[in-house]
Amino acid sequence: MSLRLEPRDHASVGLKLTVSLAAGVIALLLVAIPVVAAGGTPLEAYWLMLQGAFGSMFALSETLNRATPLILTGLAAAVAFRAKLWNIGAEGQLYIGALAAVCVGSGLLQLPPALMIPTVMIAGFLAGGLMMVIPTIIKQRFGADEVVITLLLNFVVILFIQMLVEGVLKDPLSMGWPQSVPLIVEAKLPKLLPRLRMHWGLITGLVAALILWLMVRKTVLGFEIRAVGENKAAARFAGIPVDATMLKVALISGGLAGLAGVGEVAGVKGYLSADLSPGFGYSGIVVAMLAGLSPVGTVIAAVFVAAVFVGADSMSRATGISSYIADLVVALSLLCVLVGSFFLRFRVKFERRQVEA
Amino acid sequence: MDVLFDILGSANFWAAAIRIATPLIFGVLGALICERAGVLNLGIEGIFVAGAMAGWLAVYLGAGLWGGVLVAALAGALFGLLHAFLTVILGLSQHVSGIGITLLATSVSYFTYRTALPDVTSPPRIAAFQPLNIPGLSDLPFIGPALFQQTPLTFLALVFVVLVALVLYRTPLGLAIRAVGDNPASVEAQGLSVVGLRVGAVVVGSALMALGGAFLTMSAFDAFFFGMVNGRGWICIALVVFASWQPGKALLGALLFGAFDAFQIRLQAQIGQVVPGQVFLMLPYLLSIVALILVARRADYPRALLQPWTKGQRH
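Taken in order, these protein sequences are the chains called A and B.
Residue numbers for the first sequence follow this note's numbering, so the first one is 1 and each next one is one higher.
Residue numbers for the second sequence follow this note's numbering, so the first one is 358 and each next one is one higher.
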């Protein structure tokens, strides 16, 4: 028997789905090892996680609430990675979007909700987008790698936010806590159901996924993004404005991450603080990869990742196993889906060794 | 101006600069070895965390300081092996794999720490490395306290600079590693294994990165904190471009960075009332970005960086 790899020119949707599902399942199975190491019983832990994530209306609401920013940061990564623009800065873009929401929405403008909410969203989108357009321009002008720049900017942005919420933006009524002045009522995103934290940001995420899906499939920009992502030189040769396309991708990608920040401020917290995001930007990368960079898949992958976090929190409270188990699942699913992409590229064939004449 | 001379004239400042540079020297050397062989290792940030945690925990459990250093290096090597398997053997995206390794190494470290020490409220301490007293040198006026009162890991980092430079430029192995990152076909034509060389380089490079992390918990501090690596790994990835992938320049870059960081900390103490502290804390990251932009056009990236290799491949 020997093993042969045959390149595939096309991977079917079914195969992609199988790979993503398998990645999630294998990641969940693998964390049985740390669960046992921490003195837990894997089956009980899984059951508690499932209960914690979906077991009640409250649990479901918490999961969808957690999925809301992940859909948006996931889409941010998906659209950028499609064009091979490595935006690892969604975390910073999220914070800048949230900052813009607070700047516009905390009393500077007085508008009815029907105008105020769109204004806050547009501000957050543009601010987040700008945070990605700048590194993209730097890449085009100076040839400096956007991966490192966007990564480092995340740290700069968080410090900048800390400075503001301890300084000029600090809420004088916050009893000394480093948090910004609150949004006015008109700028806040309404809740979807009474007594549950789910808010209209979720609908924003779903609409964004739908728009991106249409854009990728039906528009010239979608075609250009795919062409640039597949082969930059060929795209340029075919007359596609590569640099302009990349800038549009950067604006959309950073903008989506910015919207995630708007949702957290205007839908959940009501104010800005430097602990607004527990790494939504980084988890978005995992979401996008799990989704195979598909906009619709991103929604499903975001719910999966959110369920892992919410479920693990609840499991951790019941068993005492550290909730960092969720981060382990997420990291492992990224690596598993990466390994899975190998099978999307190659067909593995076992064959009998031919007897050589 | 007086402030400037006060700071530059204190031996304390130079000692701090070298201390801050030490983890970066390990990190840049590690990244340099990986990239010279053609593999970008964005796992560095997580490998720093893993080295910091594993080394510290080993010492805490009674392995002794050098035992801890060894454990840290092994932890780094292990994550390096995983990165090498994914990127070199399977030829998968180096970007995605690196981010995945960072997430995995970080979460494994945090989970292990929490599981091993469930009930601690303040981080437990170990007896960390103490500054060496080198007879003759450490007692010199000014020069002694400025340069020669460092912990053993700092001297180890300097030894590695020389060692890596010697291996890269003076041995057939070094020639092969440089070639495998520039023109892997030529290496294969020599009958050498492209995959073997790359895997080896990533494993060794990752072990060095982990030592950078170990320095944090075993020399700079004596405990492990969440978030203590704080972007140092990413800074190394920027510094390696700044250093044009050369060990000597890597040392220089790390030292310049250390001096700048030590300077901003002291400046903060002097004028911290006027300018918010966060401005100073931002400077190291901004400096790395500026350094990257300045050298980007002239940067002579290893030509096969990011390119997977399959045996018998032709161009």
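Take these hints with a grain of salt, some might be off.
Stated by the list, open to error - In the DSS-like style, the derived pairs of lysine-lysine whose C-alpha atoms are separated by at most 30 angstroms in a straight line are:
| # | chain 1 | residue 1 | chain 2 | residue 2 |
| --- | --- | --- | --- | --- |
| 1 | A | K16 | A | K349 |
| 2 | B | K668 | A | K84 |
| 3 | B | K668 | A | K349 |
| 4 | A | K248 | A | K218 |
| 5 | A | K248 | A | K84 |
| 6 | A | K218 | A | K84 |
| 7 | A | K16 | B | K606 |
| 8 | A | K232 | A | K248 |
| 9 | A | K170 | A | K248 |
| 10 | A | K191 | A | K84 |
| 11 | A | K232 | A | K218 |
| 12 | A | K248 | B | K668 |
If you're looking for bench data, these hints aren't it; they were derived computationally from the structure.
Evaluation of the provided hints:
no. : hint              : result
1   : A:K16 <-> A:K349  : holds (18 angstroms)
2   : B:K668 <-> A:K84  : holds (26 angstroms)
3   : B:K668 <-> A:K349 : holds (18 angstroms)
4   : A:K248 <-> A:K218 : holds (16 angstroms)
5   : A:K248 <-> A:K84  : holds (13 angstroms)
6   : A:K218 <-> A:K84  : holds (20 angstroms)
7   : A:K16 <-> B:K606  : violated (45 angstroms)
8   : A:K232 <-> A:K248 : holds (15 angstroms)
9   : A:K170 <-> A:K248 : violated (34 angstroms)
10  : A:K191 <-> A:K84  : violated (36 angstroms)
11  : A:K232 <-> A:K218 : holds (21 angstroms)
12  : A:K248 <-> B:K668 : violated (39 angstroms)
Hints 7, 9, 10 and 12, counting from the list given before, are not met by this structure.
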